Each structure stands twice: as structure tokens, then as C-alpha cells.
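Enquirer: This is what each chain is made of:
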Amino acid sequence: MSTHLAMEKLAFRYGAHQVLKELSLKVERGVFLAIVGPNGSGKSTLLKNLSAVLTPAKGKVFLDGEDLYRIGPKALAKKLAVVPQDTTVQFPFTVEEVVLMGRMPHQERFQGDTEKDFKIVQQSMERTNTWHLRERNITELSGGERQRVIVARALAQEPQILLLDEPTAHLDLQHQMELLNLLQGLKNEGQVTILAVFHDLNLAAQFSEFVILLHQGKIYASGTPAEVLTPANLAAVYGMEVVVIPNELTGRFNIIPVALTDIGATAAAKKKFHLICGGGTGNFLMEQLVQQGHQVSCGVLNIGDSDWSKAKALGLPLAEEMPFAGIQEESYKKNWGLLLGAQGIIVLPIPFGPGNIGNLRQALEAHRLGKKVILVGEIDGRDFTNGAAAAFYQELIKGGAKKVFQTFELLPLLREF
Amino acid sequence: MEANSRGKKKGILLTYGIILIIVMIFCLTVGPAKITFKAALALLWAKIPGVGRLVSIDQYPSTYLTIIYDVRMPRIILAALVGGALAAVGTTFQGLFKNPMADPYIIGVSSGAALGATIAMVAGFSKIAGVWALPIAAFSGAILTTVLVYQIARVGNKLPIFNLLLSGVALSSFMTAIMSFLMILNSRELSQIIYWTLGSFSGRDWSQVQVAAPIILLGIGVLWFFARELNAMLFGEETARHLGIDPEKVKKILLVVAATTVAGAVAVSGTIGFVGLIVPHTIRLLTGPDHRILLPGAVLAGSIFMVATDTFAKVALSPTEIPVGIITAIFGGPFFIYLLRKGKTGVF
Numbered sequence: 006m007s008t009h010l011a012m013e014k015l016a017f018r019y020g021a022h023q024v025l026k027e028l029s030l031k032v033e034r035g036v037f038l039a040i041v042g043p044n045g046s047g048k049s050t051l052l053k054n055l056s057a058v059l060t061p062a063k064g065k066v067f068l069d070g071e072d073l074y075r076i077g078p079k080a081l082a083k084k085l086a087v088v089p090q091d092t093t094v095q096f097p098f099t100v101e102e103v104v105l106m107g108r109m110p111h112q113e114r115f116q117g118d119t120e121k122d123f124k125i126v127q128q129s130m131e132r133t134n135t136w137h138l139r140e141r142n143i144t145e146l147s148g149g150e151r152q153r154v155i156v157a158r159a160l161a162q163e164p165q166i167l168l169l170d171e172p173t174a175h176l177d178l179q180h181q182m183e184l185l186n187l188l189q190g191l192k193n194e195g196q197v198t199i200l201a202v203f204h205d206l207n208l209a210a211q212f213s214e215f216v217i218l219l220h221q222g223k224i225y226a227s228g229t230p231a232e233v234l235t236p237a238n239l240a241a242v243y244g245m246e247v248v249v250i251p252n253e254l255t256g257r258f259n260i261i262p263v264a265l266t267d268i269g270a271t272a273a274a275k276k277k278f279h280l281i282c283g284g285g286t287g288n289f290l291m292e293q294l295v296q297q298g299h300q301v302s303c304g305v306l307n308i309g310d311s312d313w314s315k316a317k318a319l320g321l322p323l324a325e326e327m328p329f330a331g332i333q334e335e336s337y338k339k340n341w342g343l344l345l346g347a348q349g350i351i352v353l354p355i356p357f358g359p360g361n362i363g364n365l366r367q368a369l370e371a372h373r374l375g376k377k378v379i380l381v382g383e384i385d386g387r388d389f390t391n392g393a394a395a396a397f398y399q400e401l402i403k404g405g406a407k408k409v410f411q412t413f414e415l416l417p418l419l420r421e422f
Numbered sequence: 428m429e430a431n432s433r434g435k436k437k438g439i440l441l442t443y444g445i446i447l448i449i450v451m452i453f454c455l456t457v458g459p460a461k462i463t464f465k466a467a468l469a470l471l472w473a474k475i476p477g478v479g480r481l482v483s484i485d486q487y488p489s490t491y492l493t494i495i496y497d498v499r500m501p502r503i504i505l506a507a508l509v510g511g512a513l514a515a516v517g518t519t520f521q522g523l524f525k526n527p528m529a530d531p532y533i534i535g536v537s538s539g540a541a542l543g544a545t546i547a548m549v550a551g552f553s554k555i556a557g558v559w560a561l562p563i564a565a566f567s568g569a570i571l572t573t574v575l576v577y578q579i580a581r582v583g584n585k586l587p588i589f590n591l592l593l594s595g596v597a598l599s600s601f602m603t604a605i606m607s608f609l610m611i612l613n614s615r616e617l618s619q620i621i622y623w624t625l626g627s628f629s630g631r632d633w634s635q636v637q638v639a640a641p642i643i644l645l646g647i648g649v650l651w652f653f654a655r656e657l658n659a660m661l662f663g664e665e666t667a668r669h670l671g672i673d674p675e676k677v678k679k680i681l682l683v684v685a686a687t688t689v690a691g692a693v694a695v696s697g698t699i700g701f702v703g704l705i706v707p708h709t710i711r712l713l714t715g716p717d718h719r720i721l722l723p724g725a726v727l728a729g730s731i732f733m734v735a736t737d738t739f740a741k742v743a744l745s746p747t748e749i750p751v752g753i754i755t756a757i758f759g760g761p762f763f764i765y766l767l768r769k770g771k772t773g774v775f
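Chains as they are written, first to last, in this note's numbering: chain H, 6 to 422; chain A, 428 to 775.
Since the hints were derived computationally from the structure, they do not count as laboratory data.
There's no promise every hint is true.
[As the list claims (entries may be wrong)] So, partial list: chain A residues that the calculated Cβ filter (under 7 Å) puts toward chain H: (1) 618; (2) 632; (3) 659; (4) 661; (5) 665; (6) 668; (7) 670; (8) 671; (9) 672; (10) 716; (11) 717.
Just so you know, these numbers come straight off a predicted model, no measurement behind them.
By construction, the Cβ of each residue, glycine as well, lies at the ideal position given by its N, Cα and C atoms.
Sequences and hints are given; from them, build the entire structure.
Expert: Here it is in C-alpha cells:
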């Protein structure tokens with residue numbers, strides 16, 4: 006691998022407003038780089054500088070070691086193609102005419118469109134699934150179709166480097182995947198380097214090899230998606246609490262926004278929580294609390310239960326019991342210790358029977374000692390103790406325990422502990 | 428399919444070319460002296476080197492040759508040149524400004540030329556420069572205006588299109604006001620000035636053709652060479668840049684060439700309106716927006732339209748001539764409205 010594109014202290018300003026602040030970055034040949042960051046962080050401006058539509062106030066960009074701003078427009082267009090954010094066209098060119106324009110950098114002034122041009126245009130259109138649209142007017146297409154036509158035009162330029170500004174913004178789910186798979190294919194087979202601005206962090210996480218996270222005109226973090234798209238980085242840049250969950254289907258991960266962050270508040274307040282869970286009800290919450298840096302304990306869990314596996318995987322302290330045995334005094338004792346050590350107790354929507362009702366009793370006892378308790382979900386339909394569990398529930402609520410309906414509603418409440 | 432649609436478009440150009448030739452020959456026959464189409468053809472054929480001897484023109488009076496070659500032909504050719512120039516520049520400006528209202532005069536060329544011509548008439552330049560006083564004054568006025576508009580619109584090294592439009596409109600109004608003021612002060616020349624601004628080919632001869640033809644033909648040629656760039660510019664300057672074009676360079680070249688071409692046309696014919704606005708729109712409906720076909724198509728159609736309307740202007744109220752600019756608007760306006768209503772799927 007060699008460096009394809011290198012930025013050195015790239016700085017750009019609109020008037021007095023400094024948009025890019027000395028960005029330096031090396032992009033290897035044939036990688037898929039995602040550029041992410043909040044609105045106004047300089048993503049589009051960066052792309053415009055890299056495509057020489059704008060010229061930086063300071064700093065340099067090298068394309069294959071050559072000063073990008075000294076390459077003539079035509080020579081540059083043979084190497085670098087751009088899919089802009091706004092692809093609206095007012096003039097009723099046919100789709101084929103539009104894609105043919107991608108051949109302009111390769112054509113001499115007095116030369117017409119050659120057979121080779123038409124062949125490359127056809128290939129580009131077939132790859133983007135637009136060949137069947139070739140006789141239509143571009144003004145009549147849907148946003149998604151038009152986007153793919155503009156991608157076809159960029160491909161017709163036969164670029165070595167492709168810049169895309171939110172390429173999936175107008176596309177539906179199917180076409181998003183088609184386009185991103187196409188980009189990956191291009192990258193894999195042709196050594197095409199791809200730089201794409203993404204708003205959708207999940208797409209960036211799923212398709213890119215490298216990510217740069219822009220924040221106020223600077224590169225806040227760069228590296229692999231797993232290194233860059235961490236809850237801590239995203240909280241700092243977007244002011245959002247997010248959860249990062251492994252996605253077994255893609256082998257990558259998903260990012261789920263949770264709540265707006267009081268920047269600085271979460272870092273300072275690390276808490277201890279005890280979860281009364283089981284059967285997977287605590288899975289999400291465990292992951293999340295741990296990611297936010299809290300200490301979590303669980304109990305009493307049956308050995309082999311999915312929450313038990315999760316807690317073990319995360320290395321959480323827990324009270325455990327053999328399944329189908331009913332919880333023994335020993336385990337309740339251990340659980341009691343964990344309960345007393347926590348600042349908050351969260352009771353997840355598990356069914357209660359004679360074998361595990363002790364968990365709820367302990368929560369109530371701890372609540373009487375002043376521990377805060379949050380209940381998730383109604384008790385109806387999961388009380389198998391002839392009303393004992395429901396009675397504990399009522400007493401907890403009467404005593405001031407909070408109740409929420411869904412697990413994700415909890416997250417903003419946790420700060421109050 | 429591509430070959431077909433390209434073939435179809437070349438067919439359009441060929442058809443327009445043939446229509447233009449037929450219209451021009453037909454218009455040679457129109458006038459006080461009754462010359463038949465056959466006679467006109469024979470007289471033309473006789474002048475072709477090599478094969479000219481194959482036809483006999485002895486049966487026609489010798490005045491016919493004079494009427495055709497020295498009176499009607501230069502006027503028809505001049506009308507064709509001016510019509511083509513206005514259509515070419517109208518097409519270019521509509522594309523460059525991405526504005527359907529754009530016409531060849533949008534950046535103030537016409538008011539500059541008119542002011543120049545007015546000054547020449549009021550000050551009596553014709554005593555010094557003879558018949559060339561008006562063309563020289565109009566051409567200078569047009570070029571000077573373009574330079575001024577360019578300088579006003581320019582921001583450093585860049586030429587923002589909106590600045591160009593606005594400074595063109597502002598300067599136009601300013602110069603029209605001065606012209607009106609001069610007209611009020613010199614009411615003796617009033618009708619002459621108005622007549623000039625309406626445009627006419629009355630009394631033009633080969634000398635005007637000799638002066639205007641090189642400017643106009645060269646101008647149209649250059650504009651056509653930039654058809655591909657103009658296509659890309661329709662997608663916006665950023666996209667044009669992505670496709671390997673230097674938009675600033677293209678804008679400057681097109682502006683200078685287009686303004687010079689119009690100045691050449693206006694100098695010999697006055698400010699004929701409407702042709703440069705409606706012909707490009709009409710042809711765009713037929714050919715689509717690809718300037719490689721649209722521009723030559725509009726040039727040919729502009730020529731046809733101008734030759735036909737000028738001939739009508741000449742004979743409609745014979746022996747009085749109507750300024751051709753009135754005819755272009757009278758015929759062009761309703762026709763264009765008809766097209767708009769018929770093909771409402773977006774002219775532009």
C-alpha cells in the first residue's frame with residue numbers, strides 16, 4: 006500500500022470563519038474512508054477542498070505525491086471524481102447524455118463520443134443499475150435514481166479516487182445497500198480509493214475501513230471504525246449518549262443513540278447499579294451501563310441463563326443459583342451484599358414465581374433502607390406467586406420507587422442516582 | 428438506440444439547413460420586381476464556377492442579376508447572419524446564466540449599442556464617418572458596456588454569474604435613461620433613434636456583410652466549440668469543475684466571444700428583439716438541452732426566422748418598410764406562447 010492522498014495542515018476559512026483547522030491525514034491507496042462528524046464540522050468543506058472546488062488558505066494536498074492544486078482541472082478529473090450532495094438538474098438531458106459527460110475529461114475538443122466512450126458509459130450504468138433509465142430525462146427521475154445516475158457519471162470518469170458527499174442521503178434501504186456494496190466492489194477490484202461523507206454512523210461503521218471523526222474543523226479521532234466510533238468519542242463530538250452493540254450479522258457493530266448528553270456530567274458520575282434480571286431482560290442494560298463506565302452487579306441469576314452469560318462475559322459480580330432448584334439462602338445472602346453495595350436497584354420485567362420471589366422481597370427491604378429502586382414494566386401477567394409479587398410491587402411504588410415501561414426510558418433517569 | 432437518437436439529431440440540423448436555403452432562395456424572389464423561383468435558381472446556378480455554364484440566363488433581363496446579387500442577396504445574407512448570431516448568443520447566455528429570461532442583450536449590450544448609436548446620431552458623426560458612423564458607434568458602445576459590466580461584476584479573479592446579471596441589468600437601465608434623456612433634448616432625431624432601436628436591414632449592402640460576417644461566423648464557431656463545456660456548466664460550476672472544466676475560464680471566454688458576436692450583429696442591424704430569446708427555447712423543445720445540437724440548431728432556426736420576418740417586414744406594407752423588430756415580436760410572441768402551452772413539461 007502506498008499513500009494516495011495526503012493532507013498537510015489543510016486550513017480553510019469562509020471569510021472570518023475558520024472551517025478547517027490544519028487537518029493532516031494520509032489516505033492509503035484503495036481504502037474506504039468514511040468522514041463523519043456533526044453538521045458544520047467541516048465535512049463538505051473538506052471534500053470541496055480535496056476536489057479543488059475550493060482552494061485552502063493554508064496547507065497542501067498531495068495526490069500521488071503531486072500538488073493537487075497544480076494539477077489542471079482536466080487532468081484532475083481523470084484521476085478524481087466527485088458525487089456531490091445536491092444532484093438536482095434543471096435541464097432535461099437524457100440519463101445517457103448525463104453519464105456521457107463523465108467522459109469529458111478523456112475527450113479532445115473536436116472529438117465526438119467514441120465507441121469506447123459508449124462502452125464505458127454502458128458499463129458504468131449497468132453497475133449502478135441505471136441502464137434501463139438511459140432514455141429517460143434526468144429531470145423526471147426520483148432522487149434515488151438520479152443519485153445513482155450521478156454515481157454512474159462519476160464511474161464513467163474512470164477515477165482512481167472517488168469522493169462522495171452523503172451518497173446515501175436520498176436512497177431507500179435497498180439502494181443504500183446496493184450503492185455501498187458497489188463502492189466496496191470498486192475498491193476491492195480496482196484499487197479505487199473512496200472517501201465518503203456519512204451522516205449515518207451505522208453505515209460508516211458497517212462499510213468503511215477507516216473513519217475520521219471531524220469536530221469543529223479538526224480531526225477529533227481517526228482510525229478503524231471500532232477505534233473511532235466509541236461512545237466516549239461520539240458523546241464528546243455529538244453530545245449524544247450512544248450504545249455500541251456488536252452486530253453478529255455484519256461482524257461489525259451498530260450505534261444506537263440513547264439520550265442527549267450533559268457533556269462532562271456522565272464522566273464525573275460513575276455509579277453502582279444492581280440489576281434483578283434474567284432471560285435476557287438485562288442484556289442491553291448491562292452492556293450499556295458498563296460502556297458508560299458504571300459498575301454493575303446482578304442477581305440472583307440462574308446459571309446458564311442468557312443474562313447470566315452476559316454478566317459473566319462482562320465480568321460482573323453476581324449472585325448465581327443452579328437452575329430449576331429454587332434460590333437457596335446462600336445465594337440470597339450474596340445477593341443482599343451486592344444490593345447494599347449498589348446506589349440503585351433496577352428490577353427488569355422478569356416473571357416472578359416461588360423460586361425467585363425472594364429477589365423482589367430483597368429489593369423491597371433494600372428500598373426500606375433507603376436504596377433507590379426503578380421498576381421496568383407492569384407486573385400484570387408475570388406474577389406466579391398468587392399476588393405476593395404484585396403486593397411487593399405495589400408497596401415499592403407506594404414507597405416512591407419509579408416505574409418505567411421500557412428499558413431505554415431508564416437511561417435518562419440513571420443520572421439522578 | 429444511441430446511434431438512432433444521434434442520427435435523429437443530425438437529421439434535425441440537416442433539415443434546418445435545407446429549409447434555410449429554400450427560404451433564402453424564396454426570399455430572393457420577393458420584392459417589387461417579380462422574379463420567379465425558377466429564375467432565381469437559374470441566376471444563382473449561373474454564378475457557380477464550373478457548372479454555371481450549364482444553364483442559360485439570357486432570357487432574363489440584366490437588371491435581375493443586379494437586383495438579386497446587389498440588392499436582395501446581401502440583405503438576406505445579413506439577416507441570416509444576424510438571426511444566427513442572436514440565436515447563438517441567446518442560447519449561450521441562457522445556458523451560462525441558467526436563466527430562461529436570458530437573451531443576447533441581458534448584460535447590457537443592446538443599451539450600450541443604442542446609446543452609442545444615439546450619441547452618433549445626435550452629434551452628427553455621419554458627417555465624418557458616413558454610413559459607418561452608426562455601426563462603429565454601436566459596436567463601440569456594446570463592447571464598452573460589456574467591459575464595464577465585467578469590471579463591475581468581477582470579484583477578484585472570479586466572475587459570479589449573479590453579479591454579472593445584476594450589473595448588466597443595472598447598467599442597462601442607466602444607459603437607457605441617458606439615451607432617453609438625449610432623445611428628449613434632440614427631438615429632431617427622435618424617430619431616427621426609435622427606428623434604429625427597433626432594428627432593420629433596410630438598405631444594407633455587401634459592405635455590411637463583409638464587416639459583420641467574419642465577426643459573427645467566428646463568434647458562432649467559437650461558441651459551438653464550447654458546447655460541451657456549456658453542457659457541463661448547466662450542472663453548476665462545481666460539477667463542471669469535477670468534470671475537468673475551469674468554469675472561470677469558460678465564463679470569461681464565452682462572455683467575451685458572445686458579447687463581440689452580438690455587438691457585430693447589433694452594429695449592422697440595430698437592436699432586434701425576441702429572436703435571441705424565443706428561438707433557443709423553441710429549438711430546445713425539439714432537440715433537448717445538448718448544446719452540441721441545440722446551438723447549431725438554434726443558429727439555423729434563427730437565420731430562417733430572421734430572413735423570413737425581414738422579407739415580410741419589407742413587403743407587408745410596401746413601399747413602407749416596417750422595422751423588423753416589430754415583426755419578430757408580433758410573430759414570435761404568440762408562437763412562443765403556443766409552444767409553452769403545448770409542451771408544458773418544462774421548457775427550461
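Enquirer: A separate judgement is required for each hint: does it hold in the structure or not?
Expert: For each hint, the structure was consulted:
1. 618: Violated, because the Cβ-Cβ distance from residue 618 of chain A to chain H comes to roughly 43 Å (cut-off 7 Å).
2. 632: violated, 35 Å
3. 659: holds, 6 Å
4. 661: holds, 5 Å
5. 665: holds, 5 Å
6. 668: Constraint on residue 668 of chain A satisfied, holds at 5 Å.
7. 670: holds, 5 Å
8. 671: Holds: closest Cβ of chain H sits about 3 Å from residue 671 of chain A, inside 7 Å.
9. 672: holds, 6 Å
10. 716: Result: holds, 4 Å to nearest chain H Cβ.
11. 717: holds, 6 Å
The structure is inconsistent with the numbered hints 1 and 2, although it conforms to all the rest.
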